[in-house]
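Next come the chains, spelled out residue by residue.
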Amino acid sequence: MKKLTIIFFSLLVLVASVPSHAASVFEGKTITIVVGYKPGGGYDRYARLIAKHLPKYIPGSPAVIIQNMPGASSVIAANHLFNVAKPDGLTFGTFNNATVIAQLIKVEGVKFDLAKFLWLGSAASDAVVLTVRSDVPYKSAEDLRKAKQFVIGTTGPGSSTHDFPALLKEYAGFDFKLVPGYSSSADVMLAIERKEVDGRAGSYDSIKPFMDRGLVRPILRNRTSAPGIEKLPVDENLATSQKGKIVMAVNAVPTQIYRPFVAPPATPKDVMKVLRDAFANALKDKELLAEAEKGKMTIDYTSSEDALKVVAEVLAQPPDIVQELAKHIKFGD
Amino acid sequence: MLDTFIQGLFVVLEWQTFLVMLVGIFLGFWVGLLPGLGGTTTLALMLPFIYKMTPVEAFAFLLGMHSVVSTTGDITSVLFGIPGEGTTAATILDGHAMAKKGEAGRALGAALMSSLIGALIGAFALALSIPIVRPLVLTFGAPELFMLAVVGIAFISSLSGEGGRALLRGVLAGLLGLLFALVGQDPQAGVQRFTFGQLYLWGGLDLVPVLVGLFAIPEIVDLAVRGTSIAGELPPENLGKGVWVGVKDTFVHLGLTVRCSLVGTFIGIMPGLGGGVAQWIAYGHAVQSARDSEERTGFGKGDVRGVLGPGAANNSKEGGSLIPTIAFGVPGSSSMAILLGAFFLQGISPGPDMLDKHLVLTFSMVWTMVVANIITVAVSLLFLNYLAKLTLIRGSVLIPFILFFSFIGAYTSNNHLGDLAVLLAFGFFGYLMIRCGWPRAPLVLGFVLGRIAENNFYISTIRYGSAWVGRPLVLVLIALTVIVLFFPLIRSKWQESTKGETQ
Amino acid sequence: MKALVSLRFILGFAAACIAGYALYASLHWPFKTALFPRVIGFPLLLLALIEMALSIWGVEKEREGHAVDFELTTAVEPALAQKRTLLICTWIIGFLALIIAFGFPLAVPIFVFAYLRIAGREPLTLSFVLTLVSWIFMEGVFDRFLHIPFPEGWILGLWR
Chain B
311 MKKLTIIFFS
321 LLVLVASVPS
331 HAASVFEGKT
341 ITIVVGYKPG
351 GGYDRYARLI
361 AKHLPKYIPG
371 SPAVIIQNMP
381 GASSVIAANH
391 LFNVAKPDGL
401 TFGTFNNATV
411 IAQLIKVEGV
421 KFDLAKFLWL
431 GSAASDAVVL
441 TVRSDVPYKS
451 AEDLRKAKQF
461 VIGTTGPGSS
471 THDFPALLKE
481 YAGFDFKLVP
491 GYSSSADVML
501 AIERKEVDGR
511 AGSYDSIKPF
521 MDRGLVRPIL
531 RNRTSAPGIE
541 KLPVDENLAT
551 SQKGKIVMAV
561 NAVPTQIYRP
571 FVAPPATPKD
581 VMKVLRDAFA
591 NALKDKELLA
601 EAEKGKMTID
611 YTSSEDALKV
621 VAEVLAQPPD
631 IVQELAKHIK
641 FGD
Chain L
379 MLDTFIQGLF
389 VVLEWQTFLV
399 MLVGIFLGFW
409 VGLLPGLGGT
419 TTLALMLPFI
429 YKMTPVEAFA
439 FLLGMHSVVS
449 TTGDITSVLF
459 GIPGEGTTAA
469 TILDGHAMAK
479 KGEAGRALGA
489 ALMSSLIGAL
499 IGAFALALSI
509 PIVRPLVLTF
519 GAPELFMLAV
529 VGIAFISSLS
539 GEGGRALLRG
549 VLAGLLGLLF
559 ALVGQDPQAG
569 VQRFTFGQLY
579 LWGGLDLVPV
589 LVGLFAIPEI
599 VDLAVRGTSI
609 AGELPPENLG
619 KGVWVGVKDT
629 FVHLGLTVRC
639 SLVGTFIGIM
649 PGLGGGVAQW
659 IAYGHAVQSA
669 RDSEERTGFG
679 KGDVRGVLGP
689 GAANNSKEGG
699 SLIPTIAFGV
709 PGSSSMAILL
719 GAFFLQGISP
729 GPDMLDKHLV
739 LTFSMVWTMV
749 VANIITVAVS
759 LLFLNYLAKL
769 TLIRGSVLIP
779 FILFFSFIGA
789 YTSNNHLGDL
799 AVLLAFGFFG
809 YLMIRCGWPR
819 APLVLGFVLG
829 RIAENNFYIS
839 TIRYGSAWVG
849 RPLVLVLIAL
859 TVIVLFFPLI
869 RSKWQESTKG
879 ETQ
Chain Y
25 MKALVSLRFI
35 LGFAAACIAG
45 YALYASLHWP
55 FKTALFPRVI
65 GFPLLLLALI
75 EMALSIWGVE
85 KEREGHAVDF
95 ELTTAVEPAL
105 AQKRTLLICT
115 WIIGFLALII
125 AFGFPLAVPI
135 FVFAYLRIAG
145 REPLTLSFVL
155 TLVSWIFMEG
165 VFDRFLHIPF
175 PEGWILGLWR
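Here the protein sequences line up with chains B, L and Y, keeping their order.
Every position in the first sequence, counted from 1, becomes a number in the working numbering once 310 is added.
Every position in the second sequence, counted from 1, becomes a number in the working numbering once 378 is added.
Every position in the third sequence, counted from 1, becomes a number in the working numbering once 24 is added.
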């Protein structure tokens, strides 16, 4: 009986010491979130929002700060997190979701492996939509297919403004005239008002204000949906070949993990558990959701397991698909 | 409309709004002054603070901060030759040259007063243009933007100096600048150009490290060689009194100041032209206003007009760049992009509503820029004399600090050691250019306009074929390009003929 | 005079090399990507060659071709100017070396102190005070307040 009590209490102490070990990791320390873009951009805002509410859910209530490491569409930040950042649980980061494509098509300079990162999850998914100016006579995707040389403004290969319509043109028989070179996606909206171009593709979140204003109307979306556009036809379903369908799918899949948060590969398992739970809880936090709502930031949590499934799906593509993809998709901004 | 305009002022003067505006002004004052604290970055960092504010308070705070940055940035440019912001580099050419002649006070007075006038004109342009803003911005498409870039590039002829050899070198510098602008990923095919396998260069060369290198480093070398204080061995009598002389200069050359303000406003209105362009075109215009070739060679060596032009333009463009941001939701510059985020945080969608439902807010923003700049200039004038005395400190004490701020100013562009490499490379190059008599302004002009020219050229050709060349506005701009290009020649021929007449 | 001429030649040559490289790199690019580099590169190469030629054979009159820009001081005699120029360049490159070796936050106070004492021969107290000011600025504003990421110095990396 006495032995049992001793064992019981030792186990109790052991169990009780696990969270306190985690607490001692974070107590009085500072967590750094590395962001692959300059302050003010979308990834930065999500990181700062999470940084504000995360300490409530981590034992020891550490301070959370942001460090910006812009460059090469966040490849610099991703490389840093993979190779240089200390894996002590005090550093994690966020960068461009398309880095998985960069890894797939073997972009020069990529020195990370998204499958080996320890994921906290993704804070949001992002639908990509194709929109046209409201006064254009095409009301549906089928209509649009009949259009000749329909002008779409883009910011250049590598961004969703360009790649989404490029794939539609190549694999779904749309006769688009792509006009790249606009300095930002907002400039494309201005060009639409000017009637210089007639349509724009891109992130639903960033186009939504213009849709609400009545400037543009959505026609198609990619497989990631969002409230309000569920009924739109999906680009993959319009592909005229199986290969095209797969290429579109591979391009679309990363948007499900649009705001990825990862930690360096060697971060200890118990620390990762704390971070993962804190991340998930912070994204359910009422105050965070209210602020996100106000800032028009969608929150849509994906767990680390699901995120890794997405990554695995992309990276498992056979070489012929990779080659096909690389022909039409470049990695960039 | 008029009563809404006045209402905008009263709303800004309410004590809570006024208080947050003062906080913003205080922040903006230091952000502009200190290299390394970028105006855009600080705006982004301040966004979380506006959650609890009303829209008028939020923008009084943010704009109060932002509109002051270009004003105080001129101070560092004049005193130490370091561009604290990408937008205040042109002021260095003549402003710092004046400081080296012991006229720091005068340069500062001129910079501040022209900044105030520029800010006022920019702000009122915003107010006055509200009825015409939409048609104005919508008329300028990619072909017109391309031509505007070409007009800007044509200013190289005015910025080169006297004589054929100077023009040759000016064009060389301009072409080099254009080439440097092309570094990075090209938007047509996604090819990496001139990046030598370096990830850092994928996005191209950043403006601030290039400017700090080109301008601050040679000044530091010169200061070390002279072995004196910035103001040199000249008697410091002019130093303090100079401030009011500088202020008066602004009104003596009021025409130039106003014209450059208008140029700045216009460039600010055109989205896509970027923040770095306005000051250089204004500087080019200021050089053109020189009455003869002798006066023209005085530029770059301490002509107060070289301070007035850019000083006014870099403030007026702020008012200008607010216009497309508010009227279309399209940011006129990178800091405006942050401000857009602020709009969304406040639950406001910029667009036609701003000129209609939210008109009071729009006018309050105009008044914020006006009031903030008046306060800043008034306060600065009070202790400008003491600031000017900094140019009397011996160089060996100042140099480590100027180097520190140059390095950190460059580094905070990308938080990457590559920024420092660019800084030193352009520093070395800038020094060589000065040693060999190559003007630097054309290089900067080519650098800021290169991408705009290329991108809009392709948009125009892909979209319109060759038809865009015949558009009426394009033809006007072609004519303007020719005038600007041959301006120095036209001027000297005209002077020769008038001289002949008097003889 | 001769030294100046050869420096002008070198700069012209550098511009020609840059133009040449641009043209060479553009050979492998698709037409649209190569157009602007070529349109800029050809005149650049041509004019750079002219500048090179002029700097050897042309006669540059004193004060001809004034650039709209400042000129380096002529108040100091050339030999001394040369020495001081080389010295300050060494310090500037030295600052970069310190940053790489020790990381930015440490390099700044080290550099400030070293420059003030060695190049400036400033008194010890003043040097200490100014170094402290620079360190407070560096740590306080850029490190603690703005959280700018600074890569660890190479030497500290070795030590770990």
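Among these hints, one or two may not hold up.
[What the hints assert, rightly or not] Distance condition first, Cα-Cα at most 30 Å in a straight line; then the derived DSS-like pairs of lysine-lysine:
1. Lys-679/L with Lys-56/Y
2. Lys-735/L with Lys-505/B
3. Lys-56/Y with Lys-553/B
4. Lys-606/B with Lys-767/L
5. Lys-430/L with Lys-362/B
6. Lys-366/B with Lys-430/L
7. Lys-679/L with Lys-596/B
8. Lys-679/L with Lys-606/B
9. Lys-456/B with Lys-541/B
10. Lys-487/B with Lys-56/Y
11. Lys-679/L with Lys-604/B
12. Lys-416/B with Lys-107/Y
13. Lys-505/B with Lys-107/Y
14. Lys-107/Y with Lys-767/L
15. Lys-458/B with Lys-56/Y
16. Lys-604/B with Lys-735/L
17. Lys-456/B with Lys-56/Y
18. Lys-339/B with Lys-430/L
19. Lys-56/Y with Lys-637/B
20. Lys-594/B with Lys-430/L
21. Lys-56/Y with Lys-479/L
[As the list claims (entries may be wrong)] Listing some non-contacts, in silico: residues in chain Y with all C-beta distances to chain B over 10 Å:
22. Phe-66
23. His-171
24. Ile-172
25. Pro-173
26. Pro-175
27. Leu-180
Treat the hints as calculated values from the structure; they're not laboratory data.
The beta carbon of each residue, even a glycine, is placed where N, CA and C say it ideally should be.
Evaluated hints:
For the proposed pair Lys-679/L and Lys-56/Y, the alpha carbon gap of about 41 Å is over 30 Å, so the pair is violated. Proximity of Lys-735/L to Lys-505/B is assessed by CA-CA distance (about 26 Å); at most 30 Å being required, the pair is judged to hold. At roughly 29 Å between alpha-carbon atoms, Lys-56/Y and Lys-553/B fall within 30 Å of each other, so this suggested pair holds. The hinted pair formed by Lys-606/B and Lys-767/L fails the criterion: a straight-line CA distance of about 50 Å is larger than 30 Å.
Distance restraint check for Lys-430/L and Lys-362/B: the Cα-Cα separation of roughly 15 Å lies within the 30 Å cut-off, and the hinted pair is therefore satisfied. Simply put, Lys-366/B and Lys-430/L have alpha-carbon atoms about 21 Å apart, close enough for the 30 Å limit, and the pair holds. Between Lys-679/L and Lys-596/B, the direct Cα distance comes to roughly 61 Å. Violation of the 30 Å bound is thereby established for this hinted pair. The suggested pairing of Lys-679/L with Lys-606/B is violated, with an alpha-carbon distance near 51 Å, which exceeds 30 Å.
Proposed proximity of Lys-456/B and Lys-541/B is supported: the alpha carbons are some 21 Å apart, at most 30 Å. Using a Cα cut-off of 30 Å, the hinted pair Lys-487/B and Lys-56/Y holds, with the two alpha carbons roughly 16 Å apart. At most 30 Å may separate the alpha-carbon atoms for a hinted pair to count; Lys-679/L and Lys-604/B exceed this at roughly 52 Å. With a C-alpha separation of about 50 Å, the suggested pairing of Lys-416/B with Lys-107/Y is violated against the 30 Å cut-off.
Using a Cα cut-off of 30 Å, the hinted pair Lys-505/B and Lys-107/Y is violated, with the two alpha carbons roughly 62 Å apart. Annotation: proposed proximity of Lys-107/Y to Lys-767/L holds, straight-line Cα distance about 29 Å (limit 30 Å). Taking the CA atoms of Lys-458/B and Lys-56/Y, the gap is about 23 Å. The hint holds against a cut of 30 Å. A C-alpha spacing of about 20 Å is found between Lys-604/B and Lys-735/L, which places the hinted pair at or below 30 Å, so the restraint holds.
Proposed proximity of Lys-456/B and Lys-56/Y is supported: the alpha carbons are some 28 Å apart, at most 30 Å. Of the pairs offered as hints, the one joining Lys-339/B and Lys-430/L holds, with about 29 Å between alpha carbons and a cut-off of 30 Å not exceeded. Among the hinted pairs, Lys-56/Y with Lys-637/B is consistent with the structure: their alpha-carbon atoms are about 17 Å apart, no more than 30 Å. Distance check on the hinted pair: Lys-594/B and Lys-430/L sit about 21 Å apart at the alpha-carbon level, within 30 Å; holds.
A C-alpha spacing of about 49 Å is found between Lys-56/Y and Lys-479/L, which places the hinted pair above 30 Å, so the restraint is violated. Against chain B, the non-interface label of Phe-66/Y holds: every CB pair exceeds 10 Å, the least being about 23 Å. Look at His-171/Y: its CB is around 5 Å from the nearest CB on chain B, not clear of 10 Å, so calling it non-interface is violated. Some Cβ of chain B comes within 10 Å of the Cβ of Ile-172/Y; the nearest lies about 7 Å off, and the non-interface call is violated.
Its beta-carbon lying about 4 Å from the closest one in chain B, Pro-173/Y breaks the requirement of being farther than 10 Å from that chain. With a minimum CB-CB distance of about 8 Å to chain B, Pro-175/Y fails to clear the 10 Å threshold, and the non-interface call is violated. In this structure Leu-180/Y is separated from chain B by more than 10 Å, as the shortest Cβ-Cβ distance comes to about 13 Å.
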